[in-house]
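**Q** So you can see what is in the structure, the chains are spelled out below.
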Amino acid sequence: MPMQADDIIRLIKEGIPGAEVEIQDLAGDGDHYAATVISSAFAGKSKIQQHQMVYGALGGRMGGVLHALKLTTMAQRP
Amino acid sequence: MSEPEVFERIRDEIGKNDVLLFMKGTPVFPQCGFSAAVVDVLSQLGVKFHGINILVDPDLREGIKEFSQWPTIPQLYVKGEFVGGCDIVREMFETGELEQMFKEKGVSLADAA
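In order, the protein sequence lines correspond to chains A and B.
Numbered according to our numbering, the first sequence spans residues 4 to 81.
Numbered according to our numbering, the second sequence spans residues 1404 to 1516.
Honestly, the hints are just simulated from the structure, not real lab data.
A couple of the hints might just be wrong.
[Unchecked claim] Computed cross-link-like contacts, BS3-like style, restricted to lysine-lysine with a CA-CA straight-line distance of at most 25 Å:
#, chain 1, residue 1, chain 2, residue 2
1, A, K48, B, K1506
2, B, K1468, A, K16
3, B, K1482, A, K48
4, A, K48, A, K73
5, A, K48, B, K1468
6, B, K1468, B, K1451
For clarity, every value in this text was computed on a predicted model and none was experimentally measured.
Given these sequences and hints, build the entire structure.
**A** Written out as structure tokens, the structure is:
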């Protein structure tokens, strides 16, 4: 089952308050997304921890209903 | 709560293989674009690695996600340490961090395939 981009953004923002989220539907099929998440909450955390925070916000959907999400995380805009 | 039996096997594999990739398909025939991308990066660096096809082993497929607290496959382990999935590995490759990490951990990068 595909997920809507809006739902992904909402979940990430709920899980990581104040985060900026940009999302692209890569294949136009509602199933392959690329997301960039920018949050000061990532500061001082490893990449693995940053991605785990996003996966945590998605509450188990990653790897399930959400098949493919190419993730880029950063603490601030480059 | 006792931990799943499969964790023992995972630890054993991680201990035996300096560079270990849990993946969909095999290094020669990856069955997912994300797994293929990591295989490609490792090949470009000339890193010898062991690939485990989780598609043929449902216990391992679920077990590794719990073990790593990471919801997706592929997953790369180097010298016992979880490095990341496809996005992190690719990003580290592009910035040169991955090569640096292999060197620091004493993994040979010679003999590119």
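**Q** Output the numbers, in ascending order, of every earlier hint that fails for this structure.
**A** none
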